[in-house]
Amino acid sequence: MTFDPTRRSLVGALALACGGAAAGAWAAPAAPGAEWRDVLDTPAARSTLGARSLINGLARAGHRIVAVGQRGHVLLSDDGGASWRQAEVPVSSDLVAVCFPTERQGWAVGHDGVILRSTDAGQSWTLQLDGRRTGPLMVDYYQRRVAAAQGAEAQRAAALVDEAKRFAAQGAENPLLDVWFKDAQTGYAVGAFGLALRTDDGGARWEPLTHALDNPKSLHLYALRSVGEDIFIVGEQGLLLQLDSATGRFAARETPYKGTLFGIVAGTRALVAFGLRGSVVRSTDGGRNWSQVATGVQSGLTAGLRRSDGSIVLVSQAGHVLVSRDDGASFQPLRVEQAMPAAAVAEAVGGALVIAGPRGAARPLPLS
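Residues 679 to 1046 in the numbering used here are what the sequence shown lists, from first letter to last.
By construction, these hints were calculated from the structure, which means they are not laboratory data. Heads up, a few of these hints could be off.
Mimicking EDC-like on lysine to aspartate or glutamate, the simulated pairs with C-alpha atoms at most 16 angstroms apart in a straight line are [said to hold, decoys possible]:
{"hint": "1", "residue 1": "Lys-860", "residue 2": "Asp-879"}
{"hint": "2", "residue 1": "Lys-860", "residue 2": "Glu-907"}
{"hint": "3", "residue 1": "Lys-895", "residue 2": "Asp-818"}
{"hint": "4", "residue 1": "Lys-860", "residue 2": "Asp-878"}
{"hint": "5", "residue 1": "Lys-860", "residue 2": "Glu-781"}
{"hint": "6", "residue 1": "Lys-843", "residue 2": "Asp-818"}
{"hint": "7", "residue 1": "Lys-860", "residue 2": "Asp-908"}
Ranges between beta-carbon positions, derived for each pair [said to hold, decoys possible]:
{"hint": "8", "residue 1": "Glu-907", "residue 2": "Ser-986", "range": "17 to 23 angstroms"}
{"hint": "9", "residue 1": "Glu-766", "residue 2": "Glu-907", "range": "48 to 54 angstroms"}
{"hint": "10", "residue 1": "Thr-726", "residue 2": "Gly-849", "range": "29 to 35 angstroms"}
{"hint": "11", "residue 1": "Gly-1028", "residue 2": "Arg-834", "range": "47 to 53 angstroms"}
{"hint": "12", "residue 1": "Ser-725", "residue 2": "Gly-849", "range": "26 to 32 angstroms"}
{"hint": "13", "residue 1": "Asp-756", "residue 2": "Ser-904", "range": "23 to 29 angstroms"}
{"hint": "14", "residue 1": "Asp-1004", "residue 2": "Ser-904", "range": "20 to 26 angstroms"}
{"hint": "15", "residue 1": "Asp-756", "residue 2": "Arg-730", "range": "17 to 23 angstroms"}
{"hint": "16", "residue 1": "Thr-780", "residue 2": "Pro-1044", "range": "24 to 30 angstroms"}
{"hint": "17", "residue 1": "Gly-974", "residue 2": "Ala-827", "range": "31 to 37 angstroms"}
{"hint": "18", "residue 1": "Ala-882", "residue 2": "Ser-725", "range": "27 to 33 angstroms"}
{"hint": "19", "residue 1": "Ala-1017", "residue 2": "Asp-987", "range": "21 to 27 angstroms"}
Here the structure is a predicted model, which is why all the values come from computation and not from measurement. Quick reminder that beta carbons are idealized off the backbone N, C-alpha and C, glycines included.
Construct all of the structure, not just a fragment, from the sequences and the given hints.
Below, the structure written as structure tokens:
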């Protein structure tokens, strides 16, 4: 199995941008003759073109919108996406996703297994974890499980140790593709080849979740979101996992679509998961059963959200903006003056949509 460099890789230029030097293990020297430095040790460079460069993720931090993208760029907007300024970031790895559970505390994840934390609404960031440390962390965790287990459980734990060692041998090459926090303490991060991590202390310590996923093929995990007390993960080959609070496991749910799913959104009374070829599946019973919804779109749906008025918005790699006002039972295209390939969408204060992708952030789109 090979890995597409980012969960937004369907968006034309995005795959090329993330597959180049910025996605590798090294950053280019700042000047002729300078030493090459690992991107994990190289702060993000200042750029006046950040708002017009690749943006992979958007999140609200109170009234502020925070955008993350290539080469460690984090951009902040305090006017609903009309203008942007760059934040201080300690790495220049490509960033893919961002989440703010409170107005000031947020996390971002991306290539090289990076997990960044901000405590000042995105103005500055610290590195909590990277791929150089994730592999040894996993090996240590599962070795301790072997020591505490017996019989068949010990055999399963030993197999997880072997898998963790293979992961560790790959170094920092595997990216994290999404992050979600319930509050300032409890959060999850997921990524390539079934990589999943959990923290209960705001990211001071992370634990692997390989043992808790119904994902025997180690399929890529592209997104996770909460729906009430439930947590869902979506990924390759129609993979859709739901946390069973009684067992602590993420159990697989059957859906009628077996292609890649890129995200999931909760409506008022329904769940909507979306992905390749304009595909949407919907559940009205808390995720137990799913049916397919026609969208009239053949392009990959790359991001979505539930707006403050209860409507659901999905955006595509080709620039479609689809709106549902009936809890995902149907979607209508929104006429957009200048469509742009989308990798992320957020709602600004006042209801306007902020859409971003390989061309940066578009002007805020009013949506009545």
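Hints, one by one, checked against the model:
no.	hint	in the structure
1	Lys-860 <-> Asp-879	holds, 12 angstroms
2	Lys-860 <-> Glu-907	holds, 10 angstroms
3	Lys-895 <-> Asp-818	violated, 23 angstroms
4	Lys-860 <-> Asp-878	holds, 10 angstroms
5	Lys-860 <-> Glu-781	holds, 13 angstroms
6	Lys-843 <-> Asp-818	holds, 10 angstroms
7	Lys-860 <-> Asp-908	holds, 11 angstroms
8	Glu-907 <-> Ser-986: 17 to 23 angstroms	holds, 22 angstroms
9	Glu-766 <-> Glu-907: 48 to 54 angstroms	violated, 36 angstroms
10	Thr-726 <-> Gly-849: 29 to 35 angstroms	holds, 33 angstroms
11	Gly-1028 <-> Arg-834: 47 to 53 angstroms	holds, 52 angstroms
12	Ser-725 <-> Gly-849: 26 to 32 angstroms	holds, 27 angstroms
13	Asp-756 <-> Ser-904: 23 to 29 angstroms	holds, 27 angstroms
14	Asp-1004 <-> Ser-904: 20 to 26 angstroms	holds, 22 angstroms
15	Asp-756 <-> Arg-730: 17 to 23 angstroms	holds, 19 angstroms
16	Thr-780 <-> Pro-1044: 24 to 30 angstroms	holds, 28 angstroms
17	Gly-974 <-> Ala-827: 31 to 37 angstroms	violated, 52 angstroms
18	Ala-882 <-> Ser-725: 27 to 33 angstroms	holds, 31 angstroms
19	Ala-1017 <-> Asp-987: 21 to 27 angstroms	holds, 23 angstroms
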